[in-house]
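Let the hints inform the model, and build the full structure from the sequences given.
If you're matching positions, the sequence shown starts at 1 in the working numbering and goes up one per residue.
These aren't lab readings, by the way, just hints derived from the structure by calculation.
A portion of the hints provided could be inaccurate.
Said to hold, decoys possible - Once the Cα atoms are required to be at most 27 Å apart in a straight line, the calculated DSS-like pairs of lysine-lysine come out as:
{"no.": "1", "residue 1": "K51", "residue 2": "K78"}
{"no.": "2", "residue 1": "K51", "residue 2": "K3"}
{"no.": "3", "residue 1": "K43", "residue 2": "K80"}
{"no.": "4", "residue 1": "K41", "residue 2": "K51"}
{"no.": "5", "residue 1": "K3", "residue 2": "K41"}
{"no.": "6", "residue 1": "K80", "residue 2": "K51"}
{"no.": "7", "residue 1": "K43", "residue 2": "K78"}
As the structure is a computational prediction, the values presented were derived from the model and not from experiment.
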Amino acid sequence: MKKISLTLLALLALSGCKDGTTGQACLGANNDSLVEGMQDKCKAGDAIATKHPAYFCDFNYEIAYNDYNSAMCIYSGKQKIERTTGK
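Spelled out as structure tokens, the structure:
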């Protein structure tokens with residue numbers, strides 16, 4: 001009975017993990033391409049690599065920086081216009 005209860009509890013907890021993200025990694029064939037050259041292939045919610053997190057990342061999620069001067073994050077879906085246009 002204890003195993004059944006724990007299994008049901010685990011399934012219930014996992015069923016609440018729907019936050020609108022795709023859960024996919026949007027990387028090139030060599031698994032290290034940056035989103036800057038792949039905007040037509042990546043969708044909002046994909047995990048991406050970028051050299052410019054302020055332009056591409058959804059800041060509701062964590063951003064991880066690496067040794068290659070780039071970041072892994074969740075893609076916001078497009079380049080943020082307010083960061084690219086001058087006033």
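Each hint tested on the structure:
| no. | hint | verdict |
| --- | --- | --- |
| 1 | K51 to K78 | holds (15 Å) |
| 2 | K51 to K3 | violated (47 Å) |
| 3 | K43 to K80 | holds (14 Å) |
| 4 | K41 to K51 | holds (17 Å) |
| 5 | K3 to K41 | violated (43 Å) |
| 6 | K80 to K51 | holds (14 Å) |
| 7 | K43 to K78 | holds (8 Å) |
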